[in-house]
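Asks: Listed here are the chains, written in short residue letters.
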Amino acid sequence: MNVISRGFSGRRRPGGDRLPPGQYLESGFPVLSAGPTPPVRTSDWEFTITTEAGQARRWNWQEFTSLPAEQITTDIHCVTKWSKLGTHWRGVCLDTLLDGIATDAGYVMARCYGGYSTNLPLPDLRGGRAWVAYEYEGQPLPPEHGGPARLLVPHLYFWKSAKWVTGLELMDRDRHGFWEELGYHDYGDPWREQRYQGD
Amino acid sequence: MARAAVPGRLNWLAGTLAAARDETATARTLVLDVPGWPGHLAGQHVDVRLTAEDGYFAQRSYSIASAPGGARLELTVQRIADGEVSPYLTGVMAPGDRLELRGPVGYWFVWRPEPAAPLLLVAGGSGIVPLMAMIRAHAAAGSTAPLRLIYSVRTPADVIYASELSERTAASQLSVTYLYTRAAPAGMPAGRISAGVLAGAAWPPADKPAVFVCGPSGFVEAAASLLVEAGHDPAAIRTERFGPTGT
Numbered sequence: 012m013n014v015i016s017r018g019f020s021g022r023r024r025p026g027g028d029r030l031p032p033g034q035y036l037e038s039g040f041p042v043l044s045a046g047p048t049p050p051v052r053t054s055d056w057e058f059t060i061t062t063e064a065g066q067a068r069r070w071n072w073q074e075f076t077s078l079p080a081e082q083i084t085t086d087i088h089c090v091t092k093w094s095k096l097g098t099h100w101r102g103v104c105l106d107t108l109l110d111g112i113a114t115d116a117g118y119v120m121a122r123c124y125g126g127y128s129t130n131l132p133l134p135d136l137r138g139g140r141a142w143v144a145y146e147y148e149g150q151p152l153p154p155e156h157g158g159p160a161r162l163l164v165p166h167l168y169f170w171k172s173a174k175w176v177t178g179l180e181l182m183d184r185d186r187h188g189f190w191e192e193l194g195y196h197d198y199g200d201p202w203r204e205q206r207y208q209g210d
Numbered sequence: 139m140a141r142a143a144v145p146g147r148l149n150w151l152a153g154t155l156a157a158a159r160d161e162t163a164t165a166r167t168l169v170l171d172v173p174g175w176p177g178h179l180a181g182q183h184v185d186v187r188l189t190a191e192d193g194y195f196a197q198r199s200y201s202i203a204s205a206p207g208g209a210r211l212e213l214t215v216q217r218i219a220d221g222e223v224s225p226y227l228t229g230v231m232a233p234g235d236r237l238e239l240r241g242p243v244g245y246w247f248v249w250r251p252e253p254a255a256p257l258l259l260v261a262g263g264s265g266i267v268p269l270m271a272m273i274r275a276h277a278a279a280g281s282t283a284p285l286r287l288i289y290s291v292r293t294p295a296d297v298i299y300a301s302e303l304s305e306r307t308a309a310s311q312l313s314v315t316y317l318y319t320r321a322a323p324a325g326m327p328a329g330r331i332s333a334g335v336l337a338g339a340a341w342p343p344a345d346k347p348a349v350f351v352c353g354p355s356g357f358v359e360a361a362a363s364l365l366v367e368a369g370h371d372p373a374a375i376r377t378e379r380f381g382p383t384g385t
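Just so you know, the protein sequences line up as chains A and B, in that order.
Residue numbers for the first sequence follow the working numbering, beginning at 12 and rising by one.
Residue numbers for the second sequence follow the working numbering, beginning at 139 and rising by one.
Worth flagging that the hints you see were computed from the coordinates, not collected in a lab.
Note that this is a predicted model, so its numbers are computed, not measured.
Glycine is no exception: its CB is placed at the ideal position from the N, C-alpha and C atoms.
Wrong hints could be hidden among the right ones.
[Claimed, not checked] Which chain B residues stay away from chain A? Per the calculated CB distances, all over 10 Å, these:
(1) P206
(2) G244
(3) R250
(4) R286
(5) P294
(6) S301
(7) L303
(8) V314
(9) Y316
(10) T319
(11) A324
[To be verified] Examples of chain A residues toward chain B, derived with CB under 7 Å:
(12) G18
(13) F19
(14) L193
(15) G194
(16) Q205
(17) Y207
[As the list claims (entries may be wrong)] Calculated lysine to any residue pairs in the SDA-like style (CA-CA distance at most 20 Å, straight line):
(18) A:K92 to B:P225
(19) A:K92 to B:Y245
(20) A:K92 to B:R240
(21) A:K92 to A:M182
Next up, chain A with everything else stripped away, as it sits in the complex:
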């Protein structure tokens, strides 16, 4: 039983069943980053998938943006409590990027320009549920939101959708990424409110 805060009535906002527990509806697009936005030029950009056996497949920007892309409409949920409904993205599905890569790995570490990292189970990147996105609302993804390209894994809290992504390391065993090392949850399902380690 929660403690009652005398005189608090709250505001039942629209959003209802699309808002996970403890989230509120946000109309803007807040930014959460641990440090400065790293400058990443598409002329230098690379994206590399490295298997647990050490084999690498690499794309430059031209090769990456020549891959079949998808339009994605999705709700996003940040661990800092805001959710944003019906956002529009364009990106390359991870199924496309992982196609033909031989691996038995169970986990992935996403690596980013600027040093950020986050860990995810590999199955969560398959099945049409994850993308490397490079457009937001019809425009190139702005740098402060992770441009030129970020991971988009909207069924998990948004810190898993790593900004400025430059590679995926496929791993036999799970390891902590940046925020996970600092107390945030390894999986991060917003519908089970897995914000912090132990949730």
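Could you slot chain B onto chain A? The hints should help.
Replies: Below, chain B alone, put in the same frame as chain A:
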């Protein structure tokens, strides 16, 4: 990085409002008794949960304003006019009323007294709150690290902790540079953070300061970019942002 310092499961704790202080017309400090509070580091935040009579509840995150080790936990809350939670915390909640807290959270945007590197704090608006916890922790620990604060506000009336900052500036090695973006005191120009301001008020990159920047997203983006362009190591700049970007 705070390896090994991260605790296990965070449980909700009941907090009772012991006292409240109005800091500005729209910002209020809540002084809370939180039995079982595990302690915190300067710069961390807490999740706050308010529950209505009918069981409806809302959660938000707020920065901790008090230094570690105090008997009571202090949060300073900026009222957002159309907000759901901040109008209650800044206007309705009275001593004796209760809420729930979970934390502390965030082991990245934290300052620890040990390293003596110069400390540069850059605040936009209510982004001062976690930086004030660092200023207070710095004083409480008797740290010898030289300390500078650059604090950007809209008008002089929007300065949170004005008298305390003034006292601490007089009594310690803290120096404060105020920037007024809308209306400055007589004789001062209004202006935003710029390369020129940083050149005059920040530690030079050669001094290798630890840098903490907190404020609205646009402010943090601008300040952090200027610091990197001025030659500061991006890895030494820690940021905390809040609020919508409007896009």
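Asks: Now, for every hint given, state plainly whether the structure supports it.
Replies: Now for the hints, and whether the structure bears them out:
| no. | hint | verdict |
| --- | --- | --- |
| 1 | P206 | holds, 17 Å |
| 2 | G244 | violated, 7 Å |
| 3 | R250 | holds, 14 Å |
| 4 | R286 | holds, 19 Å |
| 5 | P294 | holds, 28 Å |
| 6 | S301 | holds, 30 Å |
| 7 | L303 | holds, 26 Å |
| 8 | V314 | holds, 23 Å |
| 9 | Y316 | holds, 23 Å |
| 10 | T319 | holds, 19 Å |
| 11 | A324 | holds, 35 Å |
| 12 | G18 | holds, 5 Å |
| 13 | F19 | holds, 5 Å |
| 14 | L193 | holds, 4 Å |
| 15 | G194 | holds, 4 Å |
| 16 | Q205 | violated, 11 Å |
| 17 | Y207 | holds, 5 Å |
| 18 | A:K92 to B:P225 | holds, 17 Å |
| 19 | A:K92 to B:Y245 | holds, 18 Å |
| 20 | A:K92 to B:R240 | holds, 13 Å |
| 21 | A:K92 to A:M182 | violated, 30 Å |
Checked against the numbered hints given earlier, this structure breaks hints 2, 16 and 21; the rest are met.
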